[in-house]
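Protein chains in written order, with our numbering: chain F, 1 to 312; chain E, 1 to 312; chain A, 1 to 312; chain H, 1 to 312.
These aren't lab readings, by the way, just hints derived from the structure by calculation.
All clues stand as given, with none of them false.
Copies of the same chain look alike in the list, so a pair counts if it fits in one copy or across any two.
No farther apart than 25 Å at their CA atoms in a straight line, the calculated lysine-lysine pairs in the BS3-like style are these: (1) K281 <-> K298; (2) K67 <-> K35; (3) K252 <-> K71; (4) K130 <-> K35.
For reference, the chains in residue letters:
Number of protein chains: 4
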Amino acid sequence: MALSTTQAAEISAQRDITTPTRRDVAPALEEMLYKAFPVLDHGFIRVIDYMGTDSAIVQAARVSYGKGTRKVNEDAGLINYLMRHRHTTPFEMCEIKFHIKLPIFIARQWIRHRTANVNEYSGRYSIMDKEFYVPAPEQLAAQSQSNRQGRGNTLEGEEAQRVLELLQQDATQAYGHYEEMLNEDVVGNVIDENKTGLARELARMNLTLNYYTQWYWKIDLQNLMHFLSLRADSHAQYEIRVYAELMLDMLKAWVPLTHAAFMDYRVGGASISSKGLGIVKRLIAGENVSQEQSGLSKGEWRELMITLGREA
Amino acid sequence: MALSTTQAAEISAQRDITTPTRRDVAPALEEMLYKAFPVLDHGFIRVIDYMGTDSAIVQAARVSYGKGTRKVNEDAGLINYLMRHRHTTPFEMCEIKFHIKLPIFIARQWIRHRTANVNEYSGRYSIMDKEFYVPAPEQLAAQSQSNRQGRGNTLEGEEAQRVLELLQQDATQAYGHYEEMLNEDVVGNVIDENKTGLARELARMNLTLNYYTQWYWKIDLQNLMHFLSLRADSHAQYEIRVYAELMLDMLKAWVPLTHAAFMDYRVGGASISSKGLGIVKRLIAGENVSQEQSGLSKGEWRELMITLGREA
Amino acid sequence: MALSTTQAAEISAQRDITTPTRRDVAPALEEMLYKAFPVLDHGFIRVIDYMGTDSAIVQAARVSYGKGTRKVNEDAGLINYLMRHRHTTPFEMCEIKFHIKLPIFIARQWIRHRTANVNEYSGRYSIMDKEFYVPAPEQLAAQSQSNRQGRGNTLEGEEAQRVLELLQQDATQAYGHYEEMLNEDVVGNVIDENKTGLARELARMNLTLNYYTQWYWKIDLQNLMHFLSLRADSHAQYEIRVYAELMLDMLKAWVPLTHAAFMDYRVGGASISSKGLGIVKRLIAGENVSQEQSGLSKGEWRELMITLGREA
Amino acid sequence: MALSTTQAAEISAQRDITTPTRRDVAPALEEMLYKAFPVLDHGFIRVIDYMGTDSAIVQAARVSYGKGTRKVNEDAGLINYLMRHRHTTPFEMCEIKFHIKLPIFIARQWIRHRTANVNEYSGRYSIMDKEFYVPAPEQLAAQSQSNRQGRGNTLEGEEAQRVLELLQQDATQAYGHYEEMLNEDVVGNVIDENKTGLARELARMNLTLNYYTQWYWKIDLQNLMHFLSLRADSHAQYEIRVYAELMLDMLKAWVPLTHAAFMDYRVGGASISSKGLGIVKRLIAGENVSQEQSGLSKGEWRELMITLGREA
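Just chain F, same shape as in the assembly (with noise of 0.2 Å):
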């Protein structure tokens, strides 16, 4: 990612200005705002506005007329008891608000979670940025074997490399012929006056999958976590993994009690079925369990095992 130098200096002048607010402040999170963390080769994440601390929790889930907060461990026991019970909608009382720049393959399985409001920079008024996503060489994964959706070894050596220049050349042809059915260059400067120029809508049905687009996303805290349960999780895509991991910090700066609760209860703990409970007493009973016993399919008691941290 390099930002434009009018680009840094609109966040830099952003950065600048302090206005005294009556409202709940987040002060690690005031120390990130508005900067741009990088992600992947072009990407960012830039938290543009939030609402609401850990304290807004407490102070909803009390209906309270003052702050509602007592001291930290009480507050802590609360967001806890919440988040084990699944007492969800204090959480929908804090909101936040990203500028995001993201791959468009990327993009399409993020904006499936529909519980956020976006704008995003539209192709078909404006040019679209000459970025485009190439994976670094380590990430240059072949399909799993074991699983459908997964990622398996590394490619090497020549077909590495054949890939990298396969996703350069033809990225860059595609926005080479962008612009030349545009009639313009990425400025908007008209390339050759006497021709007419495609529309930008249609123009921009050349790029390919893995330039980038840009846009706001804001979501509430609640719908923010369960996108990160999904997202951070080691069954996601790297390219959407890497920004959910990036969040999960910025989360940690804005609401640090909540942040303490959903690592403990949704990302590091998991849901077992009837079936696995039955075999989890067994086990604790000291029996010995096998997977032909457990009328467990093998997917399902592989899984279980894992959860278990035992050899399946």
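Use these hints to put chains E, A and H onto chain F, whose structure you have.
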């Protein structure tokens, strides 16, 4: 509405604290923050928190790196354009949170707007306050004869007096029996040591629908305007309309450019059907059109004439 | 619940008509269609319509051109996999619509689930039915001493008798005064020609919260399961749990493979925190762990022991 | 669009089966069920399932025990009333499910409508079809000069020819390299035994945005109409408008009374601002109003004149 001394002190304490923030600040709304603005006989609205101002709308519409705002009249022009063309997503980038006290039968209407976050005071856990709504005498309207959902003339004399007495009496009696069933008074003191007391989640069913409840209610600006366009409308029930009207003032303090556009395009504007437009064109052409010739139903004709400020 | 003769005849007439369709059909649910299944003293649930069966889930997961289903055990395996891995979108492809009669204080809990479509009988337009809920004597529970939201022992003797009398008396009186204020009886006859009658939207506020209301409620299968996982749970209030339990039977008739997976992975399963998993591993390893050594709060320890079927 | 023989056979097999149901049936929509109606060069829309008909709207609005319908003209009157007064909840009681094949750049616009359920064909698991969109020559529009989001004149001659060639060439090349990186052809055969093949979730990023994707898309009638009011509008991009226009025909087959009301009140109607209404009144009064005197911006004046069928 009478806040307790403790409540007033909690509110005052919150208002006294200001902290510097890098976020966008709406000065006129800061002035209102946390204050309880009275509605009906015991209700109120308090603004608890907000995210964004008119700038945030412009910034998101432009997916900008900095503030994104230009001259005030350019920003106003953009906001008007967005409102007129129903480009709704930039308005979703602002958020507001209220603490509201309102009668249960109004809460039941209100909650039908699903695109908000809610934390309600719980009658399962807590004892309900002894506060119920009784209409002011000038609001004791009869059923409308022409409109199944509206109000007609005001009741008068003995009939009005009798209604007020019945409402007072039944609500008061219901609360007395609520306490008796709970075997607790309003502050939680046990009444009779020899009795067990009914569970709160059950005893509450004896209260009448004019008892007040309260909730934290958080919504984005776009959905707030949708709520207000329905509930500040003359067809809305008076008891919810008074809340909506107060919220219009808060909207103005928060996002004045958006408020102006909203009043012009939504609150003061009208939707006209295809057939209705045909009649408008004929009227402009100087033709004399009657309901019988119009192809409109009587109801639709009457509504169109009201929109056009003509006699039906 | 007593349906009027007219209502019973209307239901019967709808059940008598069958029409050929090319759509997916769920025979066991067709058998239930339109029937009023009683709940509590005057409530009911009726299934009015549905879209899709287990097949529709498989078909959508495969984005297939045809039915998409294979052998029953393959379909079951896929549905189990989707449920286990929280791939929720295929379950959203089925939809169901109910007609439900329920007490207002339960309707107020129910409506908090926002991801459904609702049309409620309107007390602004229509006269409310004279039907209110009075708990069966064995449901007259005291407030739980250990759990702020639960019920404790059942009230007995005179105290129980008094509660039943108060509920009966206050609800009956409130309805009498409701009619008097309306100046209409339950079927809409004017009571006193010399009086005007209060608007329906106002008079209804005098009714108590145990009066029954009714609504059409439509929801997709994924969100229905979320509702049921919360409301068929032992922590849910009895008066909503009985509705949820009846719906579990309807779920089984509609989508038997999904029902089986749901009972295994959700209803009978459990979420265990990161710390909790650490303790499970120590227990399996034969270690003796006490609450004090566990790092868990007392509440969390007790809940974990219940999950593992051990004494706390 | 060319369905494979297998696909055509699967569709045909589903159409051949009819089963009796007690549910509401829409005969004209049954006739269309499962058929692939072509859109653009390789896209289609198929109706897969539906719930409810015009009757279901009436039934829900009346919260009835039976069908709830009366005479056709009474039902039409009620549906018109609901549409005119934006009583939207009864329209949410109908649901429809489509299978849609569409170019990715259009899918990205489409998915912004969040109130629908979606299952998309996954390029993480499966190999994408080799089908991409190339506009018909008469759709090769230039960027509009007057309207930042619109299309202007059609490209002609060599410039048009060149655009078509570039689109063909880049998409074809991208797919060839996609196969090479996967080391698999379109039906999954390994190309070179000595190579590993890149993971599908990565290789797909090399495809251009005009490649077709497909999804199951399910939505309620109210939200479908909202989608159609935006996407069948003349301001919508041509490539999404053709889908919306075909859906209008399907809407008519499904719920003819609602379709008629929708065409009159939404598609053919207009929203007029408060200021705009003032001008309409002056025009009806015979006054001559110019843009300069109007208080409207030029853009707004032009739009009002178009609405009123007058020269701007």
